[in-house]
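Novice: Mind docking chain B on chain A? Use the hints.
Sequences listed follow chains A and B, in order.
Every letter in the first sequence is one number past the one before it in the numbering used here, and letter 139, counting from 1, is 139.
Every letter in the second sequence is one number past the one before it in the numbering used here, and letter 254, counting from 1, is 254.
Do not rely on the hints blindly, as some may be mistaken.
Covered stretches of chain A, as calculated for chain B (at least 3 residues, CB under 8 Å) [unchecked claim]:
no., stretch
1, 128-140
2, 159-173
3, 260-267
4, 273-279
Because the hints were derived from the structure by calculation, they are not lab data.
A quick note: this is a predicted structure, and the numbers were derived from the prediction, not measured.
Each residue gets a CB set at the ideal place from its N, CA and C atoms; glycine is no exception.
Protein chains: 2
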Amino acid sequence: MTSFVGPELTNPRAERVKAVRALSGRSMRQRTGRYLVEGPQAVREVVRFASVHELYVTAAAADRYSDVISDAHERGLPVHLASDEVVAAMSPDAQGLVAVANVSSATLDDVLASRPTLVAILASVRDPGNAGAVIRAADAAGADAVVLTLESVDVHNPKTIRATAGSLFHLPVVTGIALDTVTDALRAAGLAVLAADGSGAHDLDDLLDVAGPAGAGDRSAAPDLAAPTAWVFGNEAWGLPAHELELADAVVRVPIRGQAESLNLATAAAVCLYASARAQR
Amino acid sequence: MTSFVGPELTNPRAERVKAVRALSGRSMRQRTGRYLVEGPQAVREVVRFASVHELYVTAAAADRYSDVISDAHERGLPVHLASDEVVAAMSPDAQGLVAVANVSSATLDDVLASRPTLVAILASVRDPGNAGAVIRAADAAGADAVVLTLESVDVHNPKTIRATAGSLFHLPVVTGIALDTVTDALRAAGLAVLAADGSGAHDLDDLLDVAGPAGAGDRSAAPDLAAPTAWVFGNEAWGLPAHELELADAVVRVPIRGQAESLNLATAAAVCLYASARAQR
Numbered sequence: 001m002t003s004f005v006g007p008e009l010t011n012p013r014a015e016r017v018k019a020v021r022a023l024s025g026r027s028m029r030q031r032t033g034r035y036l037v038e039g040p041q042a043v044r045e046v047v048r049f050a051s052v053h054e055l056y057v058t059a060a061a062a063d064r065y066s067d068v069i070s071d072a073h074e075r076g077l078p079v080h081l082a083s084d085e086v087v088a089a090m091s092p093d094a095q096g097l098v099a100v101a102n103v104s105s106a107t108l109d110d111v112l113a114s115r116p117t118l119v120a121i122l123a124s125v126r127d128p129g130n131a132g133a134v135i136r137a138a139d140a141a142g143a144d145a146v147v148l149t150l151e152s153v154d155v156h157n158p159k160t161i162r163a164t165a166g167s168l169f170h171l172p173v174v175t176g177i178a179l180d181t182v183t184d185a186l187r188a189a190g191l192a193v194l195a196a197d198g199s200g201a202h203d204l205d206d207l208l209d210v211a212g213p214a215g216a217g218d219r220s221a222a223p224d225l226a227a228p229t230a231w232v233f234g235n236e237a238w239g240l241p242a243h244e245l246e247l248a249d250a251v252v253r254v255p256i257r258g259q260a261e262s263l264n265l266a267t268a269a270a271v272c273l274y275a276s277a278r279a280q281r
Numbered sequence: 001m002t003s004f005v006g007p008e009l010t011n012p013r014a015e016r017v018k019a020v021r022a023l024s025g026r027s028m029r030q031r032t033g034r035y036l037v038e039g040p041q042a043v044r045e046v047v048r049f050a051s052v053h054e055l056y057v058t059a060a061a062a063d064r065y066s067d068v069i070s071d072a073h074e075r076g077l078p079v080h081l082a083s084d085e086v087v088a089a090m091s092p093d094a095q096g097l098v099a100v101a102n103v104s105s106a107t108l109d110d111v112l113a114s115r116p117t118l119v120a121i122l123a124s125v126r127d128p129g130n131a132g133a134v135i136r137a138a139d140a141a142g143a144d145a146v147v148l149t150l151e152s153v154d155v156h157n158p159k160t161i162r163a164t165a166g167s168l169f170h171l172p173v174v175t176g177i178a179l180d181t182v183t184d185a186l187r188a189a190g191l192a193v194l195a196a197d198g199s200g201a202h203d204l205d206d207l208l209d210v211a212g213p214a215g216a217g218d219r220s221a222a223p224d225l226a227a228p229t230a231w232v233f234g235n236e237a238w239g240l241p242a243h244e245l246e247l248a249d250a251v252v253r254v255p256i257r258g259q260a261e262s263l264n265l266a267t268a269a270a271v272c273l274y275a276s277a278r279a280q281r
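In isolation and in its complexed conformation, chain A is listed as follows:
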């Protein structure tokens, strides 16, 4: 049975509505430790997988997405009924349903404790859509975690959340950490650190050819894709500068067969992560 907290909210100019809407901006997220999740697909995933503060739903959406509302009830979350105007004022992309969620980023120690075998590191990735697409690809490839370095986009940006298609809530995403801190820690935990860059000495297809037990343990040889691996992906415009490439054990290039200069960030990351996942089967 659907039940709501308090009476229906009908004033789109209420302070409460403005406060929810303001979570689409970084400064309000930082002040409150909360963020906005818009639309049925993302709200469904955040309710199932992450820490949620409260939901706002229109009568029509409560009916249409009753599975989401009953998941929320099961988890004891407050669900507020609101008019179409109120929900639209909270987010133009709500389709009748928004959640206010609690920022609860994983830590690097959490990730290390899980004994990861595949990690994606985004170094200074600035575009919300690119970052989101890589998080989604990492989830699909079965990565254990994603790390975004200090200079990267805020993953709780609504555009990033949308691009992850729910994957932001599926695997640990660590943020706000310096690249050398991450690479040192993951290397100490036994992962090979591979930078993806067009300048790489190693061709990804060649590494796939020799991946497996025969190549393992020999640090002087080509990296073994079947071994635990952390991939480093650089900024969408300038890639990885020399001082970042030096933090990797090896630099690997995705082979370019046509006239293209490079792949875009998310497609390159997907090809690399799927190559590792294939080698690690």
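Specialist: Using the frame of chain A, we list chain B on its own:
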């Protein structure tokens, strides 16, 4: 030596400026058979690889991108000097340099005549960024052509051109054709038609395991990724409906190892096209 056609253009409200700017809209592209190419990276590629009508450049950009201007001179293209205001009025993304290019789409017969071994087909792909990213990935993977079906986005949309990062000019891109016409023609030319879809009976990794001569020629068995292949990729929101899946010889799924429901269109296409390219080496 840099030389320009006529005097410097200085009036951003001139009819000529408006006419160039209007090419960012579909209707003017259809009326004139021309399209707008913005910014040094894309203009460099269109001058080298495609049919260009004329260029507009600021004095500063002519200096900075003198390689592009001398390429244009070599090809006998008219280069107009224009003020910063004029070029900015033609396109806010020009960075001092725009080209007016001639639409000269390849035909399916051109593609067939080239005896292609790897083709990407986009069925009803609507998002300009997604379509552009797939064209870029197809180029990088060494595909021979890309085909967009009737209901797809206009590839001469400025957002698509930007997302291709020049790849639109590197390989034949056929547009405005019904999906069954393309699949029939490519199958008749000896290509296997594989649809990429999460419902697929075949796992891409399993197909890579068995790709090669041993599997070839046996139509009842799993498709051979080493054989000439046309991949069909569906709309970013609803994928491939049943009547489109039926046009394929086999439906192949990219393995999903985490909690993600799917990959986004461009990353899925990149993983599939790179798998074919690897198997065809």
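Novice: Of the numbered hints stated previously, which ones are contradicted by the structure, given in increasing order?
Specialist: Hint check: nothing fails, all pass.
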